[in-house]
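**Q** Okay, here's what each chain looks like letter by letter:
There are 2 protein chains.
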Amino acid sequence: MVKKAILLICDGLGDRPIKEFGNLTPLEAAKTPNIDKFAKAAETGVMYTLGRGVTPGSDVAHMALFGYNPYEYYRGRGPIEACGIGIKLEHGDVAFRGNLGTVNTDGLIIDRRAGRITDVKELCEAVDGIEINGIKFIVKAGTAHRAVVVMRGKGLSSNISSIDPKAENAKVKTCVPLDDTPEAKFTAETLNQFTEKSRTILSKHPFNQEREKNGDLVGNIILLRGAGQYEHLQTFYEKYGLKGACVAGGGLYKGIASMFGMDVVDVEGATALPNTNVRNKFSKAVELINGDYDFVFIHVKPTDSLAEDKKPNEKRAFVEKIDDAFAIFNQLNDDTLLVVTADHSTPCEMGRHSADSVPVMFWGSSVRPDNVESFGERACSQGGLGVIEGKDLMPQIQNLLGNIPLYGA
Amino acid sequence: MVKKAILLICDGLGDRPIKEFGNLTPLEAAKTPNIDKFAKAAETGVMYTLGRGVTPGSDVAHMALFGYNPYEYYRGRGPIEACGIGIKLEHGDVAFRGNLGTVNTDGLIIDRRAGRITDVKELCEAVDGIEINGIKFIVKAGTAHRAVVVMRGKGLSSNISSIDPKAENAKVKTCVPLDDTPEAKFTAETLNQFTEKSRTILSKHPFNQEREKNGDLVGNIILLRGAGQYEHLQTFYEKYGLKGACVAGGGLYKGIASMFGMDVVDVEGATALPNTNVRNKFSKAVELINGDYDFVFIHVKPTDSLAEDKKPNEKRAFVEKIDDAFAIFNQLNDDTLLVVTADHSTPCEMGRHSADSVPVMFWGSSVRPDNVESFGERACSQGGLGVIEGKDLMPQIQNLLGNIPLYGA
Numbered sequence: 000m001v002k003k004a005i006l007l008i009c010d011g012l013g014d015r016p017i018k019e020f021g022n023l024t025p026l027e028a029a030k031t032p033n034i035d036k037f038a039k040a041a042e043t044g045v046m047y048t049l050g051r052g053v054t055p056g057s058d059v060a061h062m063a064l065f066g067y068n069p070y071e072y073y074r075g076r077g078p079i080e081a082c083g084i085g086i087k088l089e090h091g092d093v094a095f096r097g098n099l100g101t102v103n104t105d106g107l108i109i110d111r112r113a114g115r116i117t118d119v120k121e122l123c124e125a126v127d128g129i130e131i132n133g134i135k136f137i138v139k140a141g142t143a144h145r146a147v148v149v150m151r152g153k154g155l156s157s158n159i160s161s162i163d164p165k166a167e168n169a170k171v172k173t174c175v176p177l178d179d180t181p182e183a184k185f186t187a188e189t190l191n192q193f194t195e196k197s198r199t200i201l202s203k204h205p206f207n208q209e210r211e212k213n214g215d216l217v218g219n220i221i222l223l224r225g226a227g228q229y230e231h232l233q234t235f236y237e238k239y240g241l242k243g244a245c246v247a248g249g250g251l252y253k254g255i256a257s258m259f260g261m262d263v264v265d266v267e268g269a270t271a272l273p274n275t276n277v278r279n280k281f282s283k284a285v286e287l288i289n290g291d292y293d294f295v296f297i298h299v300k301p302t303d304s305l306a307e308d309k310k311p312n313e314k315r316a317f318v319e320k321i322d323d324a325f326a327i328f329n330q331l332n333d334d335t336l337l338v339v340t341a342d343h344s345t346p347c348e349m350g351r352h353s354a355d356s357v358p359v360m361f362w363g364s365s366v367r368p369d370n371v372e373s374f375g376e377r378a379c380s381q382g383g384l385g386v387i388e389g390k391d392l393m394p395q396i397q398n399l400l401g402n403i404p405l406y407g408a
Numbered sequence: 000m001v002k003k004a005i006l007l008i009c010d011g012l013g014d015r016p017i018k019e020f021g022n023l024t025p026l027e028a029a030k031t032p033n034i035d036k037f038a039k040a041a042e043t044g045v046m047y048t049l050g051r052g053v054t055p056g057s058d059v060a061h062m063a064l065f066g067y068n069p070y071e072y073y074r075g076r077g078p079i080e081a082c083g084i085g086i087k088l089e090h091g092d093v094a095f096r097g098n099l100g101t102v103n104t105d106g107l108i109i110d111r112r113a114g115r116i117t118d119v120k121e122l123c124e125a126v127d128g129i130e131i132n133g134i135k136f137i138v139k140a141g142t143a144h145r146a147v148v149v150m151r152g153k154g155l156s157s158n159i160s161s162i163d164p165k166a167e168n169a170k171v172k173t174c175v176p177l178d179d180t181p182e183a184k185f186t187a188e189t190l191n192q193f194t195e196k197s198r199t200i201l202s203k204h205p206f207n208q209e210r211e212k213n214g215d216l217v218g219n220i221i222l223l224r225g226a227g228q229y230e231h232l233q234t235f236y237e238k239y240g241l242k243g244a245c246v247a248g249g250g251l252y253k254g255i256a257s258m259f260g261m262d263v264v265d266v267e268g269a270t271a272l273p274n275t276n277v278r279n280k281f282s283k284a285v286e287l288i289n290g291d292y293d294f295v296f297i298h299v300k301p302t303d304s305l306a307e308d309k310k311p312n313e314k315r316a317f318v319e320k321i322d323d324a325f326a327i328f329n330q331l332n333d334d335t336l337l338v339v340t341a342d343h344s345t346p347c348e349m350g351r352h353s354a355d356s357v358p359v360m361f362w363g364s365s366v367r368p369d370n371v372e373s374f375g376e377r378a379c380s381q382g383g384l385g386v387i388e389g390k391d392l393m394p395q396i397q398n399l400l401g402n403i404p405l406y407g408a
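Protein sequence lines correspond, in order, to chains U and H. Using numbering that gives the first Met the number 0, the letters of the first sequence map in sequence onto residues 0 to 408. Using numbering that gives the first Met the number 0, the letters of the second sequence map in sequence onto residues 0 to 408.
One chain only, chain U, in its complex shape (with noise of 0.2 Å):
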């Protein structure tokens, strides 16, 4: 009997008749004799992540996926990205996701990613900790030009506007508040007095009169936008008594798992991109649920990614490599159950999400197989799981564990 889970999400991995692969679809079309190995002793079905008809977007999907209900949960990516970067948020916290850019004296921003600096490290420091009306501002660099700022105090509130114009040789815009509680007045004037005070700092720190003195724009002021209030959300533990942990290139998903409480395990090579190493990955999520965790979460992002340029033959060869990759799952011991999935699809005719369903296999020694011997989006749609949603996968697994309790008698 299956009591450990490891559950790979191939980002975008869904997707529409390629005429080229003769009306085959990237995954349908590409060699992957490891995987259909194990779609042959597996139970198949198709997922709608957040039902018919809704296109998701990855945070969402994910969210649904570990049975986090996102019209009920969903903060914005602020409180994701925060996590992500390795904030213990708190209850009440507001979080946003910005830039570092370049502002000239007059408001007018030069840049919205200060000539594209690759770290902001010292200047994230330097404005990290200050606070104001009683509010601490907690700020982290991210990667390249990107920051996190975390509003930490009594009385905030997220329904605020972005002071980013989005565009250059604009003038970055006062935070105003858009609705007409105290909270929301109180949070937007002390985030212009930030903003203002942090533009003061940032001016004349010396790593900025360097860049200055070496012709490189200057990082001197924090766009932020998605603001989001953080509330408390009941760990991944708590709610499944799993032990999880989440093997990911891309920071947004390294932030859902993290803000769910799991452990981000840093892999080599782990890129998110398509030189991404996908078999570092398996082994290490081989390892670490032969290990002390219950439960790993796989995530491999260019399915996505390419299907979002619109390349159809990329996005079949990153498949390919994934497969390479699955043989390493025949090491697998019996006690666990693998789950294969995708969050939504990204067909390549349209280079953006859609709401057409996923293929989901479940594969291990409590799985009843069905006749599906590939793994594909028509082939699994003659499975057995029939059509399930995105809140229907954690249950199927906790299942499979033995771990639903009884109802009735």
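Hint data in this document are derived by calculation from the structure and do not stem from the laboratory. Do not rely on the hints blindly, as some may be mistaken.
Which copy is meant is left open, because identical chains are indistinguishable; a pair holds if it fits in one copy or across any two.
[What the hints assert, rightly or not] Once the Cα atoms are required to be at most 30 Å apart in a straight line, the calculated DSS-like pairs of lysine-lysine come out as:
no.	residue 1	residue 2
1	Lys310	Lys2
2	Lys309	Lys238
3	Lys120	Lys135
4	Lys39	Lys310
5	Lys2	Lys18
6	Lys2	Lys309
7	Lys390	Lys238
8	Lys39	Lys18
9	Lys36	Lys18
10	Lys309	Lys242
11	Lys18	Lys242
12	Lys87	Lys135
13	Lys196	Lys153
14	Lys120	Lys165
With chain U held as given, fit chain H onto it using these hints.
**A** Chain H alone, transformed into the frame defined by chain U:
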């Protein structure tokens, strides 16, 4: 990628096994090489228009298929018939369908259809525009003995009884309020005054005097039923951003399309009867979709009416007539999605609507074909779409057209 859609609804198409057909349904028993050619390249499924265990009327079924929840928006037949006859309803109007009948001086109904009078245009014009208690009565002739009446003005209610006893040699009923509101009381009283006044006018009308001279029954009373109060509805275009046209023979279907703001396009020979010119209708639909329209709704009626008459042979023959015309869809461009389904089942063994599911198929370049090889009740139950409901139809169309906005990020 598909950008436009044709939706073909064959009324009451679904059926049950017919012993004489070797236990095939009329659709399964019919020779349909053209439809099946499309089915082979389509994604199929079965649909419960209003969910399992609900026997849908054609009006509410069509509302659900177009994404208007009938439990929320259905206001009875009156407003639909009024729209179908070309009346532009205003918010608050109370609309009725009715007949011109014959009543004697004692108020006894001699004939509910005035000797199956074939044209009531002159009679309706004679009472059109009457005003009573500040309420304007709009009266328009329908086909044969049929008419539509709309009450327009302040303070109306549709919660009133019908004056039609639905039997001959019975007294015309007095309209009474069905609740305690002043609106229902006022509407009933005003309608009774209209019935009296119109009877006086009609009785003296030269058209009726001429009929009397010829020994024909006169149309001297308007027997109203199906009161419904119109509320402003979002149009189909507002809801979906699709410019829609309707190709139908039956007044009810034109009325529904018209109520949703679609353009109703007349087609020569479209009679809603078994003699209807299906080829003309399909040709017109192709012409419209290759022209200015994003969405064309085609309705075909006799599959339902022949089953209501318990004529499986004729139903099967009519399906073959549809198949013959279906070859016209070979002219569809690559950008067009074709969806074929029914509004409900009408089993010949019952002679009326049932809650059995109906087959559905989606055909077009963006569709993932499944393994189903023919269009029939049991074949489509194996399809890739699985089991859907009427409310899922437009979202799936909008998904394939790339019109579902992203939720989340």
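**Q** Each of the hints needs a verdict: does it hold here or not?
**A** Results for each hint:
1. Proximity of Lys310 to Lys2 under the C-alpha cut-off of 30 Å is restricted to the inter-copy arrangement: shortest distance 21 Å between copies versus 39 Å within a copy.
2. In this assembly of identical chains, the alpha carbons of Lys309 and Lys238 lie at most 30 Å apart only when taken from different copies (29 Å versus 38 Å within one copy).
3. In the homo-oligomer, the alpha carbons of Lys120 and Lys135 lie at most 30 Å apart inside one protomer (18 Å), although the nearest pairing across protomers, at 75 Å, exceeds that limit.
4. In the homo-oligomer, the alpha carbons of Lys39 and Lys310 lie at most 30 Å apart both inside one protomer (29 Å) and across protomers (27 Å), since each shortest distance falls under that limit.
5. When the C-alpha separation of Lys2 and Lys18 is checked against a cutoff of 30 Å, the pair qualifies only between copies, where the shortest distance is 17 Å, while the shortest distance within a copy is 43 Å.
6. Taking CA atoms no more than 30 Å apart as the test, Lys2 paired with Lys309 passes between copies only; the shortest distance there is 18 Å, against 40 Å inside one copy.
7. For the homomeric pair Lys390 and Lys238, the shortest alpha-carbon distances inside one copy (14 Å) and between copies (28 Å) are both at most 30 Å.
8. Taking the shortest alpha-carbon separations for Lys39 and Lys18, both the intra-copy value of 27 Å and the inter-copy value of 16 Å come in at or below 30 Å.
9. In this assembly of identical chains, Lys36 and Lys18 lie within 30 Å of each other by CA distance both inside one copy and across copies; the values are 27 Å within and 18 Å between.
10. For a Cα distance limit of 30 Å, the shortest separation of Lys309 from Lys242 across copies, 28 Å, qualifies, whereas the shortest one inside one copy, 38 Å, does not.
11. In this assembly of identical chains, the alpha carbons of Lys18 and Lys242 lie at most 30 Å apart only when taken from different copies (29 Å versus 44 Å within one copy).
12. Taking the closest pair of Cα atoms, Lys87 and Lys135 come within 30 Å of each other only inside a single copy of the chain (14 Å); across copies the shortest separation is 61 Å, beyond that limit.
13. Proximity of Lys196 and Lys153 under a CA criterion of 30 Å is satisfied intra-copy only: 20 Å inside one chain copy versus 61 Å between copies.
14. In this homomeric assembly, Lys120 and Lys165 come within 30 Å of each other (Cα to Cα) only inside a single copy, at 23 Å, whereas the closest approach across copies is 63 Å.
Consistency note: the structure conflicts with none of the earlier hints.
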